[in-house]
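Residue numbers (this note's numbering), protein chains in the order written: chain U, 1 to 154; chain P, 155 to 946.
One or more hints might be untrue.
So the derived label-pair ranges between C-beta atoms look like this [as the list claims (entries may be wrong)]:
#: 1; chain 1: P; residue 1: A920; chain 2: U; residue 2: D115; range: 50 to 58 Å
#: 2; chain 1: U; residue 1: G42; chain 2: P; residue 2: Q282; range: 45 to 53 Å
#: 3; chain 1: P; residue 1: T857; chain 2: U; residue 2: G82; range: 34 to 42 Å
Read the hints as simulated data drawn from the structure, not as lab findings. Don't be surprised by glycine CBs; every beta carbon is placed ideally from N, CA and C.
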Amino acid sequence: MLVRVNVNGAWHESDVWGGSSLLYLLREHLSLPGSKNACEQGECGSCSVWFDGDLVCSCLVLAAQSNGREVRTVEGLSDTDGPPHPVQRAFVDAGAVQCGFCTPGLIVAVVDLLDRVPDPDEATIREALSGNLCRCTGYAKIVDAVRLAAGGDR
Amino acid sequence: MSSRPDLLERTRGGVGESILRIDGVPKTQGRFAYGSDLWAEGMLWGDTLRSTHPHALIRGIKIAEAVASPGVHAVLLADDVPGRRTCGLEFSDTPVLAWDRVRYVGEPVAIVAAETPELARRAAGRIQVDYEPLDAVLDMEAALAGDAPRIHDHGNVLRHVKVVHGDPDAGAEVWVEGYWETGMQDQAPLGPEAGLAIPGDDGGVDLYVSTQWLHVDRQQIAPCLGLDEDRVRITLAGVGGAFGAREDVHMQIHACMLALHTGRPVKMSYGREESFFGHVHRHPARMWIRTGATRDGLLVVWRERLVVDGGAYASSSSAVIGNASTFATGPYRVPNVLVEGTAVYTNNPPCGAMRGFGAVQACFAHEGQMDRLAAALEMDPVEVRLRNVLELGDAMPTGQVLRGSAPTRRILERIGALPAPDDPAPVHRDSVLRPGGANNVTRGEGLVRGVGVAFGFKNIGFSEGFDDSSEARIRLERGPTGPVAEVHTAACEVGQGLTTIVTQIARTELGVDEVVIAPIDTSIGSAGSTSASRQTYMTGGAVQLACRTVAEEVFRRATAAGMSLGDSPELAAGWIVVDGAPVIELAELLGEPVDETRVHHHRPTTPLGPDGQGEPHVQLAFGAERAVVEVDEELGLVRVVQIDAVQDVGKALNPRSIEGQIEGGTAQGLGLALMEELQIDEGRIRNPSFTDYLIPTILDMPTVTSELIEEPDPDSPYGVKGVGELPTLVSTPAIAAALRDATGRALNRVPVRPDDLVGLAGPVPAGDPPPSPDVPGPMAIPHYAKGGDDPG
Numbered sequence: 001m002l003v004r005v006n007v008n009g010a011w012h013e014s015d016v017w018g019g020s021s022l023l024y025l026l027r028e029h030l031s032l033p034g035s036k037n038a039c040e041q042g043e044c045g046s047c048s049v050w051f052d053g054d055l056v057c058s059c060l061v062l063a064a065q066s067n068g069r070e071v072r073t074v075e076g077l078s079d080t081d082g083p084p085h086p087v088q089r090a091f092v093d094a095g096a097v098q099c100g101f102c103t104p105g106l107i108v109a110v111v112d113l114l115d116r117v118p119d120p121d122e123a124t125i126r127e128a129l130s131g132n133l134c135r136c137t138g139y140a141k142i143v144d145a146v147r148l149a150a151g152g153d154r
Numbered sequence: 155m156s157s158r159p160d161l162l163e164r165t166r167g168g169v170g171e172s173i174l175r176i177d178g179v180p181k182t183q184g185r186f187a188y189g190s191d192l193w194a195e196g197m198l199w200g201d202t203l204r205s206t207h208p209h210a211l212i213r214g215i216k217i218a219e220a221v222a223s224p225g226v227h228a229v230l231l232a233d234d235v236p237g238r239r240t241c242g243l244e245f246s247d248t249p250v251l252a253w254d255r256v257r258y259v260g261e262p263v264a265i266v267a268a269e270t271p272e273l274a275r276r277a278a279g280r281i282q283v284d285y286e287p288l289d290a291v292l293d294m295e296a297a298l299a300g301d302a303p304r305i306h307d308h309g310n311v312l313r314h315v316k317v318v319h320g321d322p323d324a325g326a327e328v329w330v331e332g333y334w335e336t337g338m339q340d341q342a343p344l345g346p347e348a349g350l351a352i353p354g355d356d357g358g359v360d361l362y363v364s365t366q367w368l369h370v371d372r373q374q375i376a377p378c379l380g381l382d383e384d385r386v387r388i389t390l391a392g393v394g395g396a397f398g399a400r401e402d403v404h405m406q407i408h409a410c411m412l413a414l415h416t417g418r419p420v421k422m423s424y425g426r427e428e429s430f431f432g433h434v435h436r437h438p439a440r441m442w443i444r445t446g447a448t449r450d451g452l453l454v455v456w457r458e459r460l461v462v463d464g465g466a467y468a469s470s471s472s473a474v475i476g477n478a479s480t481f482a483t484g485p486y487r488v489p490n491v492l493v494e495g496t497a498v499y500t501n502n503p504p505c506g507a508m509r510g511f512g513a514v515q516a517c518f519a520h521e522g523q524m525d526r527l528a529a530a531l532e533m534d535p536v537e538v539r540l541r542n543v544l545e546l547g548d549a550m551p552t553g554q555v556l557r558g559s560a561p562t563r564r565i566l567e568r569i570g571a572l573p574a575p576d577d578p579a580p581v582h583r584d585s586v587l588r589p590g591g592a593n594n595v596t597r598g599e600g601l602v603r604g605v606g607v608a609f610g611f612k613n614i615g616f617s618e619g620f621d622d623s624s625e626a627r628i629r630l631e632r633g634p635t636g637p638v639a640e641v642h643t644a645a646c647e648v649g650q651g652l653t654t655i656v657t658q659i660a661r662t663e664l665g666v667d668e669v670v671i672a673p674i675d676t677s678i679g680s681a682g683s684t685s686a687s688r689q690t691y692m693t694g695g696a697v698q699l700a701c702r703t704v705a706e707e708v709f710r711r712a713t714a715a716g717m718s719l720g721d722s723p724e725l726a727a728g729w730i731v732v733d734g735a736p737v738i739e740l741a742e743l744l745g746e747p748v749d750e751t752r753v754h755h756h757r758p759t760t761p762l763g764p765d766g767q768g769e770p771h772v773q774l775a776f777g778a779e780r781a782v783v784e785v786d787e788e789l790g791l792v793r794v795v796q797i798d799a800v801q802d803v804g805k806a807l808n809p810r811s812i813e814g815q816i817e818g819g820t821a822q823g824l825g826l827a828l829m830e831e832l833q834i835d836e837g838r839i840r841n842p843s844f845t846d847y848l849i850p851t852i853l854d855m856p857t858v859t860s861e862l863i864e865e866p867d868p869d870s871p872y873g874v875k876g877v878g879e880l881p882t883l884v885s886t887p888a889i890a891a892a893l894r895d896a897t898g899r900a901l902n903r904v905p906v907r908p909d910d911l912v913g914l915a916g917p918v919p920a921g922d923p924p925p926s927p928d929v930p931g932p933m934a935i936p937h938y939a940k941g942g943d944d945p946g
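Taking the hints into account, I'd like the entire structure generated from these sequences.
Shown next as C-alpha cells:
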C-alpha cells in the first residue's frame, strides 16, 4: 500500500507491505537506520521517534498508520556535517555511549524529557528513561548526561 | 615549518586521559552502521528454519512449497553446504545445518533467501521437516547417568577437570558445607546478530558482520564454503554489544552460502526471539563445596564438585569449565584442595562464552562459602577474607604462583573501610527509589536493609597454553595539518572503546594528534578475540610495539640526515625531542610514509596436567564490590541502594572508560542476582523476548562508585590489566550476600526470586554430587575422540 509520510520535515511516499512497522518503513524504505531494531515489541525504546509530536516506539506503529502524519527521528536532531544536538553532545561528553545501539532511542527520549521538564531530578530522569534498555553502561553515565544536558545548554 | 611546540603541553589525548570516545558522536546521531543497518543494491534477505525438538532424527525435509513461495531465490539444506558440514570454536562439532539429527530446540535446519524479510520468513514456514523424536537429556546431572541417551558418539562428558593440591583428606577444626546454583543467563546484547554477505567476482565472498573475532570466524567459514581462507574477506560491521554472544558463528556461514548460491548480496538480521535461540548462553552451574578451616579462620581444605551444562554442542565449554575449576577456591590461600569440574552435553541450548566465563559461577559459590565460614566463626566477612587472601608469591591450587601485581589486601581493606551510604530514609524518597518502585507499595514500612561484600579474580587473556597474539600495522605519514598515524588491526570494537584506547596509545607513542582507525578486517593478521578482557593488553600491546618500531625508523631517518639524537629521543607534539628540546619536525622525515607491522604475544602459559597442575593463566586481575540492598519483607521486592567497586586495573589508560566497564559489568551481575534467567522447559527457551527475559532498567540500577587501584603489571603494556569482566563476577555474590544479610535466609541460588526472600521457597536442596566420570585426561573429550587437535 502507498504511504505518504512527513519525516524530519520532508514528505516521502513509499509502497509498503501492510504488515510493516513504521520502524521498517524508516529503516528499509527511507534509508534512516538511526532508529534501532533491538526488540521489536516495544520493550527497549531503541526505535523511539516522535509521531505527531508524541514519543512512541516506532516498532509498535504500523507504517500504514503514519499516512499523512509527521515523524521526527534521531536523524532530524542534527545535520551530518553540523554540530551535534546538545543532548547528543552531552551523551558523548559524559561517557554515556558504549556500543551505542540504545543511544539514538535514548537521545530521542531525553530530548523529549527535557522539552517537558527542563531541570529533572534523579527520580524523574530514571522514571522517564525506564522504557529504554541499555546493556552496556549500567545507566550511571546516562543519568550524568541528562544532568549535563539540562544544566549546560538550557 | 610550523612553530616549535610548547613541550609542556606535549601531545594531548594520550594514555591515562579520559578522552571522549572517537565513535561517540556518530553513534548519538544514528549514523554509525551496525550489522543490521547494512544495505547493498540487489540485496536479498535470509531467514533460518530452526529445530522445534530438543532431540530428534530428521526423516525427511520437503522444500518444494517453500521454493515455489513468492520472492524466494534459494532454499538450502545441509546437502547444499559446499564444504565441511560442521563448524565450532574449539571443536568442529556443530552442524552448519542439521542433516540426520537435531540436538537442541533452535538448531538451524534450513535457510532461505527472498526479496524481503517477510517473504523469507513465510517461505521458511513452508518447509516441512519430518522429525522422529528421541529421548532427550534435559538435566546436567542426568547427562552423567549411565543409561542416559548419548548426545554425541563420544558420550555426554565434554570435559572433566580435576585440580588436586596438598592433601584433600586433611582434617580441620571448623567445617562449612554449601550447595550453590546459578541459572542460565543471556548476554542480551541490544544489537541483533546481523551481517551482509556479498559474492565476489573471484568466487569468494565479502562478509560484513557484527562479531568478536574475525579470523576465527573465517577459520570456520572458509572450509564450510569449500574456499581458501583468502577468498573469504571479513570486515567488522558496527557491533551492538557482544558480552560473549558473538564468539560462536551465527548467521555468517548461512549468509555466505545464500550469497554464493544466488549470486546476490544477502543480509541476515535476527529478530530478538531468534537471537535468543541463535547464540550460546551462560552455563548454569551446580556446585557442592565442603570447606575446612581453623578456629582462627584460616582455610585448611576445600573440596568441590562442580557441574556445568554445556548444552548440545561444545562451543567454548571446555575453557569455561577450565576457568570455573581453576578459580573455584577464590582468591584465597588453601593448602589442601580437590576440585572436580565437569562440563556435560545435554539437549538444552548450547552454552558458551559470557562475560566472566566460568569465573562468575565459581565466584558466586566461593563467596557464599566464605560468608558461611565467617558466620560459623562469628567473624567479619571482610576479616575472614583478609586472613586468607592470596598475595604475590602465593600459589593457587594449580600451583600457579601470583606474579607481577596483586593488590589483593589493599582492595579488601578499601572495601572494608567504605562508609555507609548517606541516602535519605525511604519516607523521604521518591517512590521510584524504593522497593516496588512506581507501584508505591511501601513508604518504608516492612523494609530491611542488608550489606554484602564479594571478592573475586579472573584470568585476563586466553589460558592453558594457547599462543595468544595480536597483529597491528601502523602507517605514519604527512597529513594536511600534521603527521597522521593510521592504525590497522583486526581487533573487534564491540562497544567497549578499544578504538579509542588504541588511538590514545598511538598518540602517546608517536607524539601525533591525528590518529585514523583503518577498517577492521582480515586483510591483516589476527588480533585474537575481543573477549577474556584481553584486547587492551593484547592489541594495545601490538599497537604499542608497532608504534615503537615506527619511531625507531623515524629516528633512523633523522640520524641518517645527520642529526644527533643522543640516547633517548622521544616523539612529542609532532617533533623529535632530545633532552627536552624539539630538534626536528616529524613531517620533514615523512617524505616516504613509515609503515610497520608487528605481532604481540604474551608470555607462554601451560596446559593443565592430569592433577590440574600448571601455570595456565597469563594475568590475574582482582576486584571487590560492596552492595547495599533494601528488601520489602512482605513482598520480596528488592531495591539495590548502592554498589561500591574497588578494582585492580594495573594502569588506567582511560579512567572514565573503565568506570563505564565497571558500571555496565555490575549491571549484568545485578541482572544475574535478581532477574535474569532463561527458563528452559523440555529443552525450549520459554522467555525469548525482552518482555519475559528481564534485564536491568535504569530504575533497577543504583548509584555505582568505582575506585581504581593502579599497581602496574610489569609484564603488560603500560602495566594494564583487563577490566571488563571483574565487576560482573563480584556484583552477583555481593548482592546475594546483602540479601542474606537483610533477610537471614540462605539464598543459595541466583537469580534470587521474591518467593525466596519471603520464605515461600526455601534454599535449593542439594542432592548427592554426581560421581566423577571416567575420562582419559584433563583435556576436552572431543580431543581424545578425534585423536588429536581439531582446528575447529
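A quick look at each hint next to the structure:
1. Range check, P:A920 to U:D115: Cβ separation about 56 Å, and the 50 to 58 Å hint holds.
2. Range check, U:G42 to P:Q282: Cβ separation about 33 Å, and the 45 to 53 Å hint is violated.
3. The beta-carbon spacing between P:T857 and U:G82, approximately 35 Å, falls within the hinted interval of 34 to 42 Å.
Hint 2 from the list above is the single one not met by this structure.
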